[in-house]
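Enquirer: If you're matching them up, the sequences are chains A and V in order.
Residue numbers are given in the numbering used here: position 331 of the first sequence equals residue 331, and the series is strictly consecutive.
Residue numbers are given in the numbering used here: position 225 of the second sequence equals residue 225, and the series is strictly consecutive.
Heads up, a few of these hints could be off.
Taking lysine to any residue pairs in the SDA-like style, the calculated list, with each CA pair at most 25 angstroms apart, reads [claimed, not checked]:
hint: 1; chain 1: V; residue 1: Lys-255; chain 2: A; residue 2: Ala-41
hint: 2; chain 1: A; residue 1: Lys-371; chain 2: A; residue 2: Ile-403
hint: 3; chain 1: V; residue 1: Lys-271; chain 2: A; residue 2: Ile-32
Partial chain A-side listing against chain V, Cβ under 8 angstroms, derived [claimed, not checked]:
hint: 4; residue: Leu-40
hint: 5; residue: Tyr-357
hint: 6; residue: Ala-361
Some residues of chain V that are not near chain A, with every Cβ distance over 12 angstroms (derived) [stated by the list, open to error]:
hint: 7; residue: Gln-68
hint: 8; residue: Arg-85
hint: 9; residue: Ala-118
hint: 10; residue: Val-251
hint: 11; residue: Glu-252
hint: 12; residue: Val-259
Everything labelled a hint here was simulated from the structure, so no lab data went into it.
Please read these numbers as outputs of a predicted model, since none were measured by experiment.
By construction, the Cβ of each residue, glycine as well, lies at the ideal position given by its N, Cα and C atoms.
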Amino acid sequence: MSFLAPLFLLGGLAIGLPILLHLIRRSSKEQIPFSSLMFLAPSLPRVAKRSKLEHILLLLLRCLVVCLLAFAFARPFIQRATTAPLAAETLHKIVILIDASASMRRDGIWPAALAKAQGVLKSVAPNDKVALYTFDRQIHAIVPFGQWSQLPASERIPFTQSRLSELKPGWSGTQLGSALTSAAETFAEADEQGQNQGSRRLVLISDLEEGDRLDGLQGYDWPHGLEVQIEPVQAKHPTNAGLRSISEPEATPTAEKDVGPRVSVSNSSTARREQFQLKWGSIAAATALEVYVPPGQTRTVRVPAPPAGTIRDRLVLVGDDDDFDNTLFLVQRDPEQVRVLFLGAEAAKDTTQPLYYLGHAFQQTRQQAIKLEVHASTTPPTDKDLAAARLLVATDPLPDNLIEPIRGNLAAGGTLLLAMKSPDSAVTIGRLAGVTGISATEAAATNYAMLARIDFTHPLFAPFADPRYSDFTKIHFWKHRHLETGSLTGMRTLAAFDNGDLALGELPIGKGRLLILTSGWHPSDSQLALSSKFVPILYAMLESGSGSHPPLAQFQVGDPVGLAGVAASGSGQPLTVLKPDATRVVLTAGETSFAQTDLPGIYEVVSTQPALRFAVNVDPAESRTTPVPIEEFERLKVPLKASLVEVSRQAEHSRHIQNSELENRQKLWRTLTLAALLILLIETWLAGWMARRASFQLEGAS
Amino acid sequence: MSSGTKGLAAHSPGGGGVLDQSSFIDAQSLMAIKNLELRARLVVEGFWHGLHRSPFHGFSVEFSEYRQYTPGDDPRYLDWRLYARSDRYYVKKFEDETNLRCHLLVDQSRSMAYGSIAHTKAAYASTLAATLAYFLNLQGDAIGLLTFDETLRAYLPARHRPGHLRHLMLKLEQSAAGSLTNLAEPLQRIAQTVKRRALLVLISDLLSPIENWQKHLTALTACGHEVLLFHILDPAELNFAFDRAVMFHDVESGKRLFVDPVVARKDYLRKMEAHNDSVQSLCQGLGIGYSRFATDRPLELALFDFLRARMRRGKLVKRRLS
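Please work from the sequences and hints to get the whole structure.
Expert: The structure is reproduced here in structure tokens:
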């Protein structure tokens with residue numbers, strides 16, 4: 001027998017009430033006169049001794065009524081054995097996904113994560129399918145479903161446990177969103193292998209740091225029936241601050257400009273400390289820069305240049321609990337020498353000519369030292385000059401002797417920007433493209449023309465794709481040329497005027513390309529040179545131009561480092577990279593990308609002269625160690641598996657519903673209530689009969 | 001006038017006298033006699049009977065002293081019988097003769113109507129008063145009567161004349177259907193009524209707060225009256241021997257109170273004891289003779305107490321019974 005509301009059974013304690021009432025001696029209605037009450041105080045009713053209990057039968061009946069009522073209110077029902085057979089032992093498919101990013105290196109996290117994973121493995125039945133993955137920027141299979149299935153059933157768990165114990169956290173950033181979706185897709189792979197039965201559970205073991213990128217989860221269509229169980233692990237210490245480089249240090253600081261890099265120091269929002277120090281080289285360095293960063297905030301500081309004789313390539317943050325992200329590696333590199341050739345006979349200081357504006361647009365920056373060389377027809381550039389130039393610019397028709405060298409340069413991958421100051425340039429276009437019959441005319445003189453159709457998908461205009469920057473209507477073109485592009489195959493219109501004429505087009509020639517601007521940027525043609533968009537467009541042309549591009553100096557762990565420029569300028573030998581742990585990685589011939597940036601530190605391409613150095617740092621996002629609330633996953637519609645408490649609550653709820661249905665069918669409470677009423681009637685009759693009998697006896701006695 | 005009593009001093013507690021209570025009439029048997037005067041006579045006779053059976057029989061102090069006659073003495077007081085025996089002239093010296101005025105102050109409030117045994121406190125008090133009246137009447141003293149409840153009810157001045165005793169008995173026999181016990185006003189009125197110095201015998205259950213009447217009692221003694229107090233209490237009031245929890249009904253105020261005697265007895269007895277003790281100490285302080293009587297106590301003992309109290313003050317009335 002079970003009860004739907006067992007708490008009502010406590011009402012059975014009310015059985016004490018009739019017993020107590022029976023024990024209390026009835027206060028007599030009899031009065032006795034007394035001379036004076038001045039020495040008397042009122043008394044409470046006194047409880048009789050148990051042996052003096054009267055009317056035992058009545059008492060028993062009353063107690064029975066109380067018990068029956070309490071019993072009825074508790075809604076009893078008889079539990080029958082469920083007829084439904086127990087569900088066959090279901091097959092579970094479990095993917096254990098362990099965060100192995102740099103933030104998991106914090107104190108106490110990794111053992112806790114492994115313990116949780118071991119806990120999951122212990123709860124696995126031999127029939128279950130389990131896969132073990134780690135993830136940082138991407139997912140790494142440790143024990144995939146296939147391998148698990150191939151192992152004998154008895155060896156599966158020990159093998160996975162041994163693989164688990166070998167794991168160590170890496171240094172990469174975290175792409176939690178894509179990792180989750182990739183792991184979810186592994187179920188689909190398992191299903192394809194014919195294991196499409198049973199429940200599917202994805203166990204995520206992570207510190208859920210704020211820097212985890214959850215972008216990929218937005219709108220992801222989760223496979224049906226998949227449950228994500230999140231097992232967060234927490235660091236022992238809440239304070240963590242991280243370093244991030246904002247600008248690279250000056251390569252050759254002068255006496256007046258002896259300044260170091262600008263770095264931003266961010267503190268976790270749960271931090272308990274706010275005062276940190278920045279030191280050059282190592283923790284033991286004598287001089288330190290004090291930085292005050294309140295919890296959850298970021299401060300940007302200019303670090304003074306290191307004193308002479310100290311290590312200049314690393315900056316150490318001192319004062320927080322975890323040091324995995326406390327070293328910032330910096331590589332100082334000389335500005336890249338970039339050559340731009342201007343083919344024409346314009347005076348550099350003539351403000352009416354395009355060259356003047358070109359010269360002012362290409363200013364020397366910290367990373368690039370642009371050298372603008374002007375070659376008039378009298379001093380044609382040599383092939384070597386052309387090959388070394390990253391961008392060729394011409395505003396006038398090219399002389400015949402330059403056509404072939406430039407065609408060769410373009411075919412080899414060069415870039416030529418041809419601004420048509422006059423319709424005559426059409427001939428040059430035709431000759432460079434190897435097409436005859438190209439002609440251009442001066443466009444009809446209207447008030448002005450504007451850029452109307454712009455291809456923002458092209459790298460030249462991609463920076464302006466944002467609506468905040470995509471307004472080109474302020475650039476007025478007073479004059480432009482109408483170019484017939486019908487016979488130019490492969491011509492891509494990057495921008496067109498509002499009258500439909502081509503404004504800027506890209507014509508691929510060989511590996512290179514010819515950029516055609518049908519107007520000029522000098523004041524007589526347009527306001528382009530005065531526009532804020534002029535310089536970015538020119539630099540975009542420069543970036544996409546030919547020539548060797550040395551890799552950037554700063555990378556994050558896991559970033560592939562493009563070494564194409566280095567390889568091109570080298571002697572054709574395979575590149576050798578020296579990693580911070582002194583291991584050497586030799587790239588295969590033709591391989592121009594180095595992907596093994598799995599450690600933070602200074603890397604060196606030793607096969608070039610001089611050796612090319614680049615720094616690889618921990619992803620700054622890893623420093624944002626404040627845990628993401630689970631609710632964030634719910635918001636992203638991640639099908640979270642209910643916690644154990646929730647599961648038990650749901651089970652309790654469903655059991656309660658079943659019980660209430662059962663009780664509703666049996667309705668034992670009615671019988672009990674009727675029985676209580678019946679006994680009440682008997683009790684009333686009995687009490688009346690006894691009272692009458694007592695009064696008769698009294699009358700008889702009197 | 002009687003000339004004296006015989007041998008009463010020998011019955012003082014200090015004198016080592018033995019009172020055989022079994023020889024006295026049982027109070028309940030006595031009270032069964034309807035006639036009050038008869039009751040009083042029985043008691044007094046029993047009292048005398050008891051005296052004669054005392055071991056101090058024959059010891060006489062009927063006169064204060066003999067002394068030899070000296071010229072100038074009144075020759076009337078010469079004891080001629082002694083002269084006949086001894087041939088000496090002796091003068092018989094008597095104490096001063098006084099006319100005792102005794103006022104019996106009898107409480108007839110409703111509380112006196114309570115009795116847990118066959119008779120009430122009021123009946124017992126009346127009998128006691130009658131006994132004293134009879135006794136004093138025998139001695140030839142003037143007896144007055146005042147009955148009171150919350151005020152004076154009846155007043156008979158102190159007299160000694162034929163028929164007065166009967167009149168007094170009749171007054172006493174009238175039922176005691178008074179109201180509240182309020183000693184203050186009656187005592188005040190008595191002080192105003194009784195001008196001449198007298199013996200006041202107050203018979204009451206004193207069931208009212210002592211502070212209410214304390215100063216009036218003091219005033220009575222201050223007026224020069226000699227006061228004797230007979231504190232009459234029912235045995236049930238003294239031991240509170242109830243066993244059932246019932247509603248107690250105050251016969252005076254009509255209030256009702258549910259009292260469980262088992263629980264309340266201890267407290268009641270403590271309060272009662274405190275009240276009685278304070279009454280007793282008040283009387284002691286004022287020089288008032290105090291006797292507490294349970295209504296089941298033989299009335300002869302009341303006479304003993306009465307006379308003992310009188311002797312203690314050295315004012316024993318010497319009367320020769322005729």
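Enquirer: Please go over all the hints and tell whether each is borne out by the structure.
Expert: The hints, checked one at a time:
no., hint, verdict
1, V:Lys-255 - A:Ala-41, "holds (12 angstroms)"
2, A:Lys-371 - A:Ile-403, "holds (23 angstroms)"
3, V:Lys-271 - A:Ile-32, "holds (20 angstroms)"
4, Leu-40, "holds (5 angstroms)"
5, Tyr-357, "violated (117 angstroms)"
6, Ala-361, "violated (112 angstroms)"
7, Gln-68, "holds (61 angstroms)"
8, Arg-85, "holds (61 angstroms)"
9, Ala-118, "holds (16 angstroms)"
10, Val-251, "violated (5 angstroms)"
11, Glu-252, "violated (6 angstroms)"
12, Val-259, "violated (5 angstroms)"
Hint compliance for this structure: hints 5, 6, 10, 11 and 12 are broken, all remaining hints hold.
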